[in-house]
Amino acid sequence: MNTTYSGLDSSQVLAALRDEAPAQLSSEQHALLLSRIERSAAALGAAAAAGSSITGSNVAPAAAESPISIVDHLSAQLTAHPVVTLVTTLALGGALGVATYASVTSRHQQATHRAVASQQAVIPNLLPSASLTTPVTPLSIQELPPVVLSAQTLRERPLVSAHGAGAPSQPVQAAPVIASAQSPGLAEQLALLETARNAIAQKNAAAALRALESHAAQFPSSALAEEREALTIRALVQANRVTEAKRHLAQFETQFPNSLLLSALKRTLGNSS
Amino acid sequence: MTDLRGLHQVTDVELSSAASTAANTEPVAPVFLAVFNAHVAYVCQTLRRLGVREADVEDVAHDVFLQVHLQLRQYDASRPLRPWLFAFAFRKASEHRRQARVRLEVVGAADEPPDPAPSALEQALRQEALQLGHRTLAEIEFNQRAVFVLHELDGCAMPEVAAVLEIPLNTAYSRLRLARAAFDKAVRRLRLQQGDS
Chain A
1 MNTTYSGLDS SQVLAALRDE APAQLSSEQH ALLLSRIERS AAALGAAAAA GSSITGSNVA
61 PAAAESPISI VDHLSAQLTA HPVVTLVTTL ALGGALGVAT YASVTSRHQQ ATHRAVASQQ
121 AVIPNLLPSA SLTTPVTPLS IQELPPVVLS AQTLRERPLV SAHGAGAPSQ PVQAAPVIAS
181 AQSPGLAEQL ALLETARNAI AQKNAAAALR ALESHAAQFP SSALAEEREA LTIRALVQAN
241 RVTEAKRHLA QFETQFPNSL LLSALKRTLG NSS
Chain B
1 MTDLRGLHQV TDVELSSAAS TAANTEPVAP VFLAVFNAHV AYVCQTLRRL GVREADVEDV
61 AHDVFLQVHL QLRQYDASRP LRPWLFAFAF RKASEHRRQA RVRLEVVGAA DEPPDPAPSA
121 LEQALRQEAL QLGHRTLAEI EFNQRAVFVL HELDGCAMPE VAAVLEIPLN TAYSRLRLAR
181 AAFDKAVRRL RLQQGDS
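Chains as they are written, first to last, in the numbering used here: chain A, 1 to 273; chain B, 1 to 197.
Please keep in mind that the hints were generated in silico from the structure rather than gathered at the bench.
Mixed in with the good hints, there may be bad ones.
Calculated from the model, a selection of chain A residues having no Cβ within reach of chain B, i.e. all distances over 10 Å [what the hints assert, rightly or not]: (1) Glu20; (2) Ala41; (3) Ala201; (4) Gln218; (5) Pro220; (6) Arg241; (7) Thr243; (8) Asn258.
Partial pick of chain A residues on the chain B-facing surface, computed with a CB cut under 8 Å [stated by the list, open to error]: (9) Leu17; (10) Ile37; (11) Gln202; (12) Thr254.
Ideal Cβ positions, reconstructed from N, Cα and C, are used throughout, including at glycine.
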């Protein structure tokens, strides 16, 4: 670098920083981030819903987060908090769910896990079954770390559960605790959708569509349909099959009018046409 | 890239009204989307300024917006939105720092400035100043830097800064003073360093 900062003083440097426009995300990044958030929020909504009856009145003060680490937080919760106790109970009770989850996890372990190992040691017991209780949204394996975070939030923001927030697509119904046992071929479903997601990320629309069609054929009315349809639309756009993508989008809009994915999908289509 | 800005930029005013009408009954999704679309770039920029490495920005932004999603109903529409978002970014950046694996700070160089081509020289100078600015920011202590960024770069009034960061006003002023001193000092030092090489 041949820069010579010699001509610059503090005020010029400050002015440059002030004037710097925030870098915009590409529409792809934008959509991916949004869908990650949606899935985390939905997983969280389900977990919170499970605990709402207990903590509904325990409203936390606004925007106050204690600066202790997540791990400390969780260990404290493990001994102290009724929600976690409940969730833990569900987790242990839903042994089948955990087993299913474990089989999926091992297949996707290499995915983008961000949580430090010590956190993971605490969490997996708690969250999978809680997440699987939602009839609405899939738990993507990639979403584990955010869910870790959510356990923390669970304690602090029980308010949310009262509104069923975080369940953008459909109202969270009383979560069927044994959903994990009832969801047919959950591991297989997750694997198919994960395959599709990876294929899309690698710009292999054909492979993605194969996986998605297979899912649609085997599990037409699955709880993961929203996820599947969103992926289908992305894959169709990627394959330049815009007319079909539009048709799917119209169906999607009817079926999931409140989906958080909707605007991102529209944008994806808008950019392609 | 830039298409998003035109299409999805929503002003604080619109959002404020959206948030207040959402009250406690409406679904949070539409308001959240508006906030996300309008401010995701700002949040990412703030995270970078607070020292989150480029590779981690998206992950931390995810955590920020997840929290925003959860607490959207607690947003007080009479207050400006960006400082409110800054508070989330600050907390998540702070958590992120505490994780042992994130010790080394590399403030990512920003993308090209999007201004319509000024003269090449001007552009080069600006780029240079910006690069120096990022390196300088990275040298300011984290808590002081938060005050500095919010006040000096985002133009947020000091009482608001103190409120958002949940610190006494005097503390905020004290941090600002220290941050300004550190900023000047770092600019001088980096300038010399660069001059020597």
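### Numbers of unmet hints, in rising order
1, 2, 8, 11 and 12
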